[in-house]
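Asks: Could you put the whole structure together from the sequences, leaning on the hints where they help?
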Amino acid sequence: MELQRPRGTRDFLFEEMKERKNVENTMKRIFESYGYGEIKTPIFEELSLFTTKSGEGIKDQIYHFQDKSGRDLALRPELTAPVARMYIKELQKAPKPVKMYYFGSCFRYERPQAGRFRQFWQLGCELIGAKSPGSEAEVISMAAHCLDELGLENYEIHIGNLGILRNILIDAKILGDTQDQVMAAIDKGDAEELKTLLSSINTDQDSEELLLKLIDMKGDASILKDAETLINCSENACNALFELEKLLESLEAFGFSNYTVNLGIARGLDYYTGTVFEIYVHGLGAQKQISGGGTYNLIELFGGEKVESTGFAFGFDRVMEALKKQETVIDKEEAVKVFVAPLNSDLSLTGYEIVQKLRKSNIGAEVDLVGKKLKKILSYADTKQISYVVLLGSREFEEGKVTVKDMKSGEQESVNISEVESYFKTKLM
RNA sequence: GCCGGGGUGGGGUAGGUGGUUAUCCUACGGGACUGUGGAUCCCGCGACUCGGGUUCGAAUCUCGGCCCCGGCCCCA
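Per our numbering, the first sequence starts with residue 73, numbered consecutively.
Hints listed in this document are in silico derivations from the structure and should not be mistaken for laboratory results.
All residues carry an ideal CB built from backbone N, CA and C; glycine is no exception.
Hints are supplied without guarantee of correctness; some may be wrong.
Stated by the list, open to error - Straight-line Cα separation of at most 30 Å, BS3-like style, residue types lysine-lysine; simulated pairs: (1) K100 with K165; (2) K480 with K93; (3) K378 with K125; (4) K397 with K260; (5) K93 with K404; (6) K477 with K429; (7) K409 with K360; (8) K404 with K429.
Unchecked claim - Here are the computed distance ranges between Cβ atoms for each label pair: (9) A325 with Q277: 39 to 45 Å; (10) Q191 with D220: 27 to 33 Å; (11) E471 with K447: 23 to 29 Å; (12) L373 with E228: 37 to 43 Å; (13) I115 with S451: 40 to 46 Å.
Replies: The structure is reproduced here in structure tokens:
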């Protein structure tokens with residue numbers, strides 16, 4: 073019987089897991105240094121958690137099922153909704169801001185391709201109840217900080233504000249579902265589709281021109297001035313623009329200026345309200361976006377008190393992909409430093425005692441369990457990059473000693489059995 | 001859901017116009033070597049993605065499924 077992995081899933085072996093763990097830990101360390109605490113939510117939720125936010129249509133992309141008592145459940149396709157659900161249930165009265173981060177796998181029933189799997193990992197955060205240019209700037213800086221710390225070089229952070237476009241649409245009397253449709257077309261970046269849509273809903277000439285110009289505006293902070301001139305007649309849109317300006321000012325102070333202002337970001341989701349940002353790495357095929365986020369009002373949608381939230385998530389697998397493409401060296405330190413090799417079967421029990429003492433002293437160690445030949449042991453230690461081999465042979469044992477071989481230099485030293493732990497402690501720590 | 005390219009031992013491959021025991025490298029296990037590591041030699045292990053069809057005979061031709069790679073759609 074051939075057992076196969078389900079489509080779009082992966083197995084991760086030792087080396088790859090070391091790299092992933094290293095990246096995960098680096099990001100987590102940075103998040104925590106900004107005051108975020110880790111949370112975890114269930115891998116499956118009630119199906120309705122996801123359908124209320126995004127409509128029945130997304131059921132096509134969700135792994136959903138009924139449990140034995142007929143409950144409609146779903147493997148989570150993303151983590152924002154579960155986190156919002158948890159917040160409403162447990163944290164509404166917690167002191168603000170609530171800063172939390174998560175790392176976990178999500179599931180989507182989609183056609184796998186480059187950077188897209190049916191089980192994939194997201195590492196992200198939410199900052200709830202502290203809407204301000206400063207918090208948005210801090211969140212964006214933190215995202216950049218993570219990537220810098222990992223040594224990722226060619227990423228681009230694009231920042232925009234949905235309030236600008238949305239308010240222009242409101243001024244043009246384009247509201248509700250129609251407005252969302254227009255935003256979706258903008259998100260796609262398909263100018264033709266957008267034009268067709270705008271004329272089909274009888275948008276006035278001025279507004280259409282204004283929109284088409286705005287969504288093409290990309291560049292450094294100076295484009296904000298141009299945008300301001302363009303939309304000077306719309307007060308609300310200008311307020312959104314000022315919001316963006318303040319955000320950029322704060323970003324500067326947080327020491328991050330390597331961004332692109334992009335007024336064409338729309339993020340297709342109805343619940344985003346103001347600031348939005350996306351991070352791209354080119355050369356990753358069709359899935360170049362490694363992160364996306366912004367400020368939104370999801371809590372209220374789920375029936376909580378009105379509170380703004382800013383957050384983003386890294387597509388963890390895509391970050392790994394980007395690092396690999398760039399051949400970033402990811403530190404992969406071996407946990408095992410010492411291999412204890414009893415050279416004949418009489419000494420294996422002594423070997424177990426020694427290895428266990430080492431482990432209890434926090435020194436990673438292995439011992440030969442099956443009576444391998446010394447040649448094989450040395451070869452094994454070599455492939456696993458174990459630094460030292462303790463040779464436990466009858467000759468030394470009679471004198472209460474072992475021979476320690478340094479695998480790098482090949483040098484050997486005689487050490488009293490009673491002093492093995494302290495010997496390695498000084499060597500390794 | 002749609003389009004294109006693929007699938008041969010654990011990993012990487014040769015074979016492809018049908019024809020005996022399916023090639024090579026590597027990894028792994030054992031040995032030459034009774035206590036010293038990426039060497040050498042020997043031995044061993046181990047594969048045609050699955051199912052149907054054509055045929056005396058299919059890894060090879062054909063149809064379908066599954067899976068992989070890339071793209072479209074979508075991307076909460």
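Asks: Of the numbered hints stated earlier in the document, which are not met by this structure?
Replies: Violated hints: 7 and 12; rest satisfied.
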